[in-house]
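If you read the sequences in order, they're chains A and B.
Per the numbering used here, the very first residue in the first sequence carries number 699; after that it's consecutive.
Per the numbering used here, the very first residue in the second sequence carries number 122; after that it's consecutive.
To be clear, the hints were calculated from the coordinates, so they are not data collected in a lab.
Ideal Cβ positions, reconstructed from N, Cα and C, are used throughout, including at glycine.
Nothing false has been slipped in among the hints.
Footprint (simulated), chain A over chain B, 3 or more residues, beta carbon under 8 Å:
1) 297-307
2) 312-319
Just a few of them, taken from the derived set where beta-carbon distance is under 7 Å, the chain A residues facing chain B:
3) Thr755
4) Pro777
5) Ala778
6) Asn781
7) Gln782
8) Arg793
9) Phe795
10) Asp802
11) Ile806
12) Gly807
13) His809
14) Asn810
15) Ile812
16) Gly819
17) Thr873
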Amino acid sequence: MSEKKEKEFVLETNHLGIDFGGLTAVDEFNIGIGKTEIMGLIGPNGAGKTTIFNLLTKVYEPTRGNIILDGKDTHGMNPAAVNQAGIARTFQNIRLFDKLSVEDNVKIGLHNHINYGLFTGVFRLPKYWSEEKKAHEKALELLDIFGMADQADVRADSLPYGAQRRLEIVRALATGPKILLLDEPAAGMNPSETEELMKNIKKIRDDFGIAVMLIEHDMKLVMGICENIAVLNFGKVIAKGSPSEIQSNPQVIEAYLGTKKENA
Amino acid sequence: MLTNLFNGIGLGSVYAIIALGYTMVYGIAKMLNFAHGDVIMVGGYASYCTMMYLGWPPAAALLFSMAICTVLGVLVERLAYKPLRNASNLAVLITAIGVSYFLQNAALLIWSSNPKVFPNIFNMPFFQGVTASAASVSADAAAADTASSGVFSVKQRGTLITIVVNLIIMAGLTLFTSKTKMGKAMRAVSEDRGAATLMGINVNRTISMTFAIGSGLAAIAGVLLCATYPNLVPTTGSMPGIKAFVAAVFGGIGSIPGAMIGGILLGVIEITARALVPTVPSDIFVFAVLIIVLLVKPSGLFGKTVREKV
Numbered sequence: 699m700s701e702k703k704e705k706e707f708v709l710e711t712n713h714l715g716i717d718f719g720g721l722t723a724v725d726e727f728n729i730g731i732g733k734t735e736i737m738g739l740i741g742p743n744g745a746g747k748t749t750i751f752n753l754l755t756k757v758y759e760p761t762r763g764n765i766i767l768d769g770k771d772t773h774g775m776n777p778a779a780v781n782q783a784g785i786a787r788t789f790q791n792i793r794l795f796d797k798l799s800v801e802d803n804v805k806i807g808l809h810n811h812i813n814y815g816l817f818t819g820v821f822r823l824p825k826y827w828s829e830e831k832k833a834h835e836k837a838l839e840l841l842d843i844f845g846m847a848d849q850a851d852v853r854a855d856s857l858p859y860g861a862q863r864r865l866e867i868v869r870a871l872a873t874g875p876k877i878l879l880l881d882e883p884a885a886g887m888n889p890s891e892t893e894e895l896m897k898n899i900k901k902i903r904d905d906f907g908i909a910v911m912l913i914e915h916d917m918k919l920v921m922g923i924c925e926n927i928a929v930l931n932f933g934k935v936i937a938k939g940s941p942s943e944i945q946s947n948p949q950v951i952e953a954y955l956g957t958k959k960e961n962a
Numbered sequence: 122m123l124t125n126l127f128n129g130i131g132l133g134s135v136y137a138i139i140a141l142g143y144t145m146v147y148g149i150a151k152m153l154n155f156a157h158g159d160v161i162m163v164g165g166y167a168s169y170c171t172m173m174y175l176g177w178p179p180a181a182a183l184l185f186s187m188a189i190c191t192v193l194g195v196l197v198e199r200l201a202y203k204p205l206r207n208a209s210n211l212a213v214l215i216t217a218i219g220v221s222y223f224l225q226n227a228a229l230l231i232w233s234s235n236p237k238v239f240p241n242i243f244n245m246p247f248f249q250g251v252t253a254s255a256a257s258v259s260a261d262a263a264a265a266d267t268a269s270s271g272v273f274s275v276k277q278r279g280t281l282i283t284i285v286v287n288l289i290i291m292a293g294l295t296l297f298t299s300k301t302k303m304g305k306a307m308r309a310v311s312e313d314r315g316a317a318t319l320m321g322i323n324v325n326r327t328i329s330m331t332f333a334i335g336s337g338l339a340a341i342a343g344v345l346l347c348a349t350y351p352n353l354v355p356t357t358g359s360m361p362g363i364k365a366f367v368a369a370v371f372g373g374i375g376s377i378p379g380a381m382i383g384g385i386l387l388g389v390i391e392i393t394a395r396a397l398v399p400t401v402p403s404d405i406f407v408f409a410v411l412i413i414v415l416l417v418k419p420s421g422l423f424g425k426t427v428r429e430k431v
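This is chain B alone, in the form it adopts within the complex (with noise of 0.2 Å):
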């Protein structure tokens, strides 16, 4: 049982951290990017490429397709979604449907269909060198497991690392957006862009910053992604970006902590459903989810009901 919640918030850090995402272009731009998922496919990809033909360091092909995916982030809201600025949300909707498309098929093209076996970074001695200290001073419950050899299985090491990672761009992110300049004006944009961009804000700035930084953490959850489901296709980002995406609307879209928490309750329930009813596909749980949220709370745990002004 400890063992299924371990691997379970493992597995929802990175749904969480898609999740954030989804949930900050929302809040920013009000827009539901459905390409989110296959930035973080691309993500597989470049660190993949940069690792198994150029050899670089795990640590250089994560920067690496960090920076890639910030550009094609950033690239893809220059020209496609905002010339869609002040059209109906149902025209970027499909718009986005296209390019989530347009990113799999051209994935397809360079890549092939052929599945790219992604190599075990969290084998590598720099994490066993991390994970040896940080299970010394943390993580109870993966030691009850290992607790007699004292260090862990590739697996769990995998999932340690995943959970701390989302801890930490979690406890960024928040800092980020509650201190720093840039992250007040996405606020200010988020919650009234009319009255943001009268106040000197350049409402199109933040809002390409904010594809950016999700565009980045898209990478990171790709990494993390591909580490432990080593089976890279183009399609490898559709059904996690959609589970995010689940994980979002869960939380409360909009909302950073909702991701988080949304993100990681998620993956314990596919998890936990995976454990105890093997004979039913976990994903009928995921998306009865959010069948459920939509009919009790579709604000979300975190969202805030909005009250028709009549």
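One chain only, chain A, in its complex shape (with noise of 0.2 Å):
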């Protein structure tokens, strides 16, 4: 028999790596994410977190590895070719299109899968509206997730700012994406709107039957929906597994509060 795979991975990355000049911000960072996996990547500031998803999505090419997405290597993508092959993200500082409506926001996420050509939109052929029709009540179905379908109308810079961390959750899930990466997706959240995000990652995984890969600061939520988590210092992982088995992980204590000097 031949030798089977433990587990199906959605996204995977081999020895990855990026020097930036002299300075090495990821070096051999190896991970597996299941097909409908919940993975945390979380460690001190400055550890190239953000950089990893720079990284997978290609705004920066690695110096070394490789990135397989769906058992096909992303080499030589830009990042619109990799959203198109499945990699969606949200942004640590928001990045929503400012002046476009929210309902907009999304279309542009849908903007690949809105069939019509430059000829039929400028002449309003009848594909023209059955296409926007169709990407109208798709970005309301989208927004609704997250109750937001009332608020389709409005700029997108005039929600208050959770709801924009919301929006670009959505905008990304428009996108139709086998993984999505959420940098930070709780940051200035209150506890209540942090429950209720944790509440909507876990459906959107369900639903979608997508795999999820989050940076985050608040171990609340870190700890409460993700099935693994890996810990990175100094741009390398220096540790790996489960919630329980990363709490009480010596390395990652030290990361984070230091070692005891001994014998001061």
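Assemble the dimeric complex from its two separately framed chains, guided by the hints.
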């Protein structure tokens, strides 16, 4: 019998690394995320967490290693191609299209799923109307996950902060990803909003059957919803495992709190 | 006075159409395409040649020159600007000026410096019919001057057509950018190119499309301009191009309604100045507008003041 893989990964990295000049920002990053897994990426500030998101989405071209998305190497793809291949993300500092309406932000996410050409769009042939109607319905449906459908016509920059973070998730989801990368989704949210967000991330995973990888400092959220956690320090993974394993890992405690000097 | 206003709006409409090309390219590619004015000239020559040598009707010549300019615009972007996508603004600006001179000299080589006299397309039966019906519903300003006969002079007819074409383009473009997926992609790229590409938008294709639209409009502006000022030479496009740039800055570069308002105001200022102080070249006033705008409100009428984040 042939060797059977223990688990099917939607996203896998091998020896992934990047240098900025002489500085090694990320090194030997090896990870595998299951098709419907929620994985947390934690670590002190400056550990390289967002850099990893930038590598996975090809904002940066890796110096070493490779990224396998759904069995395919993303080598040579640009960020738009990577998105079309199935990786969508949000941003640590919100990057919505401020001047566009909430609905249009979602429709930008749907861009590659709306099927009509330039000619059809300019002359508004029947296909334009049917496709735009479909996009409108889809956008409202997605917004409804976070109960934001009634704010569809509001300009994105007039939404309160928490709602902007949620809209970013909806916009990323609209691109039809296989894996969703969330960069500090709970930043700036109050405890009850965070509670709500946790439920929704789980719901998205269950309803869409996709994987989620998230960077977060709110340990309650991370420990609460992540099945696996990777801890990063100085660009290297220092621990991997389930939440309970991570919590009792001495290296993790050291990275966060420092070592106790003995015989001081 | 009313005549001046009417003529000013007519001239301003041409500036507005050209300014659209500047403003859209600036908004999306964040660069000043100083070769834009010369695309107008190419549009003028393309329609001139098809009409005079091949005997095409004006409408066909217009479509042909739009096709030529669209291809030219996309080609220039692909060959000259795309390799500089991540270069400094200054490098791109200098390249644009280089392309401008390249086009002028290429035109000099092909068509020589002898002025070509552009046929007066506004005098053709098709337009006579169009304006006659248009006159019955609108244009009180023009009617005031020609009410006696009920028919426009050829020049007024041209002005009226220019204004109407400008309004149609504006309405079409506004609908395009606000209601179609390509238009929304353009606005997204304009706001945050990085975020747009991470949402799966093909930025290069979006920029190409912007150049295509801007250059296609330049062809229309070229035909309208040459029909009004029939002296066609290789440098025909440069002065209107620069004035349209002033108009775009006046209205707030990057803003489509800004280009419209900026263009029309500039045209009115130019014509009014020419009428009130005929001894002073009117261009002085046009460029005084640029200086005043840059001093008083550098972001233009419709521009948003961007506060530098510290």
